[in-house]
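Undergrad: Residue-level listing of the chains:
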Amino acid sequence: MKYLIIGASAAGLSCARTLRRLDSNGEIVVISKDDMVYSRCMLHYFISDDRPLDKMRFVEEDFFDKNKVKWIRNTAVIEIRPFNKSVVTSDGAEHTYDKLLIATGATPVIPPIEGLAEGIEKRKDIFTLRDIGDAIKIKEAAKTSRQAVVIGGGLIGLDVAVSLNKQGVKVTVIEMKDHILPQQLDKTAAQRYERIFKDNGIDIITGQAVSNVIYGLSGKVKGVTLSDGSFVFADMIVVAVGVKPSFPRIDKCDLEIENGIIVDQYQRTSIQDIYAAGDACQSYELLTQRHILTPIWPSAVKQGQTAAYNMAGIGKPLIDNFGFKNSMKFFGLSTISYGYVEPPDNSYNVAICSGPNYYYKVVYKENVLYGAIIQGDISGAGVVGKLIQNKCNLSNKLVRNDWNNVFRLTYGDFFKQNQDGTFEFAC
Amino acid sequence: MKRIYIEPTACTGCMNCILACIAHHKGVQSVLEIDFSDNDLEFANNVVLNTEGKIVPIFCRHCDQPECVTACMSGALTKDETTGYVICNQSWCAGCFMCVMSCPYGMIKPNKSGDVAIKCDMCLDREIPACVQSCPVQAISLIDVD
Ligand SMILES: Cc1cc2nc3c(=O)[nH]c(=O)nc-3n(C[C@H](O)[C@H](O)[C@H](O)COP(=O)(O)OP(=O)(O)OC[C@H]3O[C@@H](n4cnc5c(N)ncnc54)[C@H](O)[C@@H]3O)c2cc1C
Ligand code: SF4
Ligand code: SF4
Ligand code: SF4
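Chains as they are written, first to last, in the numbering used here: chain D, 32 to 458; chain E, 14 to 159.
Chain E on its own, in the form it takes in the complex:
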């Protein structure tokens, strides 16, 4: 499987990856197609400023032993055996947020309406994840891991 490798020192905090993730979740190709007056814009990644003043982009790890999956009492979260990606089946999710309680990195959260969980799906419908493709400084890149 692939993982998004992060190079925090390269990140300028432009938030393009977040915009790209919003577009991906809206099912549109370009950021230009997003209506920013919508209040249901969703993204699964994050770019934070830490207490030392450093910018850190954070993305789901699709962990080898995912805490979110262990905690999921509905079976909505699974680690796909073939792709290795941790996917949330929102139509099965019960919105208990035990996954939010359990992800040590804070990479799964309630959706805007608070009824189901939302997380990174590695943009499986695209060749390259939208976020990776949109980063102008290669602060995030895809690496192969086994």
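This is chain D alone, in the form it adopts within the complex:
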């Protein structure tokens, strides 16, 4: 059996590792555009000098040897040919497979802002952050930059802002919504961060879109204008408004695609023997009960593992694909959030508990949790995540049915132990 995996990141390498565990003899080949293995989630630590290049990998140093995986690096797959059961790489070579995994991740979205797209093509002072090459370029540019604009106040935008700030660059973050981290936090939790950012010298502008990129006479970036007509000076710009799935062209075949490659619970695409996992795919998600993109690291790893089982012929569905969980830490303040951070409609309620150093909130309906924000002391947060993921009925768990007691729940309220000492959730 020959397994071919495109992509050497969260989904691709978790698939390779699992395949080797399940099939000791099969041939496993990984092809990646990446020339090294590194965790994308740590790229901002590289920019800020908190992590050297040789501490960026997320698998053991001898991963490929140990798992007998052949790695063709620094090579892009440009086309998949399902009829030949092969892929074609940028060097013109053709590689065959019996089972193929597409784990090619995502690429940054470039918003339709005047002057932006051509600026990215032509100039060195506009960036996105997705791979290590981007991080190296941003770090290099930070050395001579005095003032940067980050377009997008989501997780990646803020990661970049903090790392540039650490490198002594004056940063302004511009977020279109009325608060930063609109997908992860409500306004209260986000405003705590906005204050901390300002205290640390990072400017945050919310409720404004960037309408124009302005270039100086020399062709270098001079700044951006905003929807209210104001001008923000910058000699470098980082664009971080989101990502979209990315994958090679597929020859003469009806691959079912919406935003990403649609897969079933076995990570199978609509083409036989082709699987997809991670940011590139769109899969059945628990909270929304729909096929959606789940572009987070834990989902990519789980989907890669699930694909491996099914590629090796062991039918195993992914039953706990929960895509709405986030963990963040800026200037020492940690927050974890799950599910809906605001009630989607007025059939939902909220309970809040807060103090100077913490802010806890849940969104619930009847006796079930649908979302939570845990800011400050995050110890034990995972229990809340599990309650949301499993849609546990909490009717017997809250003293006097008072929702303010929800914040006291621990695993001790759901304790159930099996003979072998493993835990279950009693609810």
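Since the hints were made in silico from the structure, they are not lab data. Please note that a few of the clues may not be correct.
[Said to hold, decoys possible] FRET-style restraints, in silico, Cβ to Cβ:
#1 209/D with 127/E: 24 to 32 Å
#2 439/D with 55/E: 21 to 29 Å
#3 97/E with 386/D: 37 to 45 Å
#4 439/D with 102/E: 28 to 36 Å
#5 22/E with 453/D: 15 to 23 Å
#6 85/D with 127/E: 23 to 31 Å
#7 149/E with 376/D: 51 to 59 Å
#8 453/D with 127/E: 27 to 35 Å
#9 209/D with 157/E: 53 to 61 Å
#10 55/E with 396/D: 23 to 31 Å
#11 95/E with 399/D: 38 to 46 Å
#12 26/E with 396/D: 32 to 40 Å
#13 55/D with 127/E: 39 to 47 Å
[What the hints assert, rightly or not] One-sided excerpt, in silico: chain D residues whose CB lies under 7 Å from chain E:
#14 358
#15 363
#16 444
#17 446
Note that the structure is predicted; figures quoted are calculated from it, not measured. Note that CB positions come from ideal geometry on N, CA and C, so glycine has one too.
Position chain E with the ligands against the provided structure of chain D, taking the given hints into account.
TA: Structure of chain E with the ligands alone, referenced to chain D:
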């Protein structure tokens, strides 16, 4: 591998297991050697009072499919193939706390200074885990599992 089996009905809530875990993390043999004025005392286990008023000791399961390891984007968390234990290499940890977000039982947490994760390491340097050894009523015991 071994797992710490829990008998909540036997637990009196004396917290000896937590003290023992603090001593283990401080690298000292006895609770007497702990300086309680230190504010960096760490423990990886817990004893909680639930809403029914029952005392429940909780310990990391070193899960067969550990959610914390799945979530770890730095590779600091691994399930050791030979021992079966889930270990956090703190010198590799990036402090992203996706593991805290993902452990369904709340058994991994930020350390006191909030820069890396801390969890149970099964006291691998000792013959019997400090917590198990210190429990006066055998509410926690070691069992063999495969
Ligand atoms: C700065 C940053 C911070 C992040 N922080 C977090 C976080 O805190 N928590 C979280 O959950 N997620 C975070 N993410 C998202 C997380 O990194 C992704 O969800 C995860 O990496 C997806 O893994 P993947 O394997 O699907 O794809 P990717 O990690 O995108 O990897 C794709 C792989 O495919 C290769 N490839 C792509 N196209 C081709 C081709 N045509 N031919 C050959 N090879 C190809 C690439 O070289 C790469 O090896 C962050 C992302 C970034 C950029
Ligand atoms: S920390 Fe949690 S998820 Fe990880 S092994 Fe322990 S109990 Fe399992
Ligand atoms: S906090 Fe450390 S151990 Fe936990 S997921 Fe992040 S890098 Fe891994
Ligand atoms: S085994 Fe050791 S590290 Fe784990 S809870 Fe017990 S004392 Fe703490």
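Undergrad: It remains to establish, for every hint, whether it holds in the given structure.
TA: Taking the hints in turn, this is what the structure says about them:
1. 209/D with 127/E: 24 to 32 Å: Cβ of residue 209/D to Cβ of residue 127/E: about 29 Å, so the range 24 to 32 Å holds.
2. 439/D with 55/E: 21 to 29 Å: The hint (21 to 29 Å, Cβ to Cβ) holds, given that residue 439/D and residue 55/E are roughly 23 Å apart.
3. 97/E with 386/D: 37 to 45 Å: Holds, since residue 97/E and residue 386/D (Cβ atoms, about 40 Å apart) stay within the stated range.
4. 439/D with 102/E: 28 to 36 Å: With Cβ atoms ~33 Å apart, the hint holds.
5. 22/E with 453/D: 15 to 23 Å: With a Cβ separation near 19 Å, residue 22/E and residue 453/D satisfy 15 to 23 Å, so the hint holds.
6. 85/D with 127/E: 23 to 31 Å: With a Cβ separation near 25 Å, residue 85/D and residue 127/E satisfy 23 to 31 Å, so the hint holds.
7. 149/E with 376/D: 51 to 59 Å: holds, 53 Å
8. 453/D with 127/E: 27 to 35 Å: holds, 30 Å
9. 209/D with 157/E: 53 to 61 Å: holds, 57 Å
10. 55/E with 396/D: 23 to 31 Å: Given about 38 Å between the Cβ atoms, the range is violated.
11. 95/E with 399/D: 38 to 46 Å: holds, 42 Å
12. 26/E with 396/D: 32 to 40 Å: holds, 35 Å
13. 55/D with 127/E: 39 to 47 Å: Given a distance of about 42 Å, which is inside 39 to 47 Å, the answer is holds.
14. 358: With a closest approach of 4 Å, the residue 358/D hint holds.
15. 363: holds, 6 Å
16. 444: holds, 5 Å
17. 446: Constraint on residue 446/D satisfied, holds at 5 Å.
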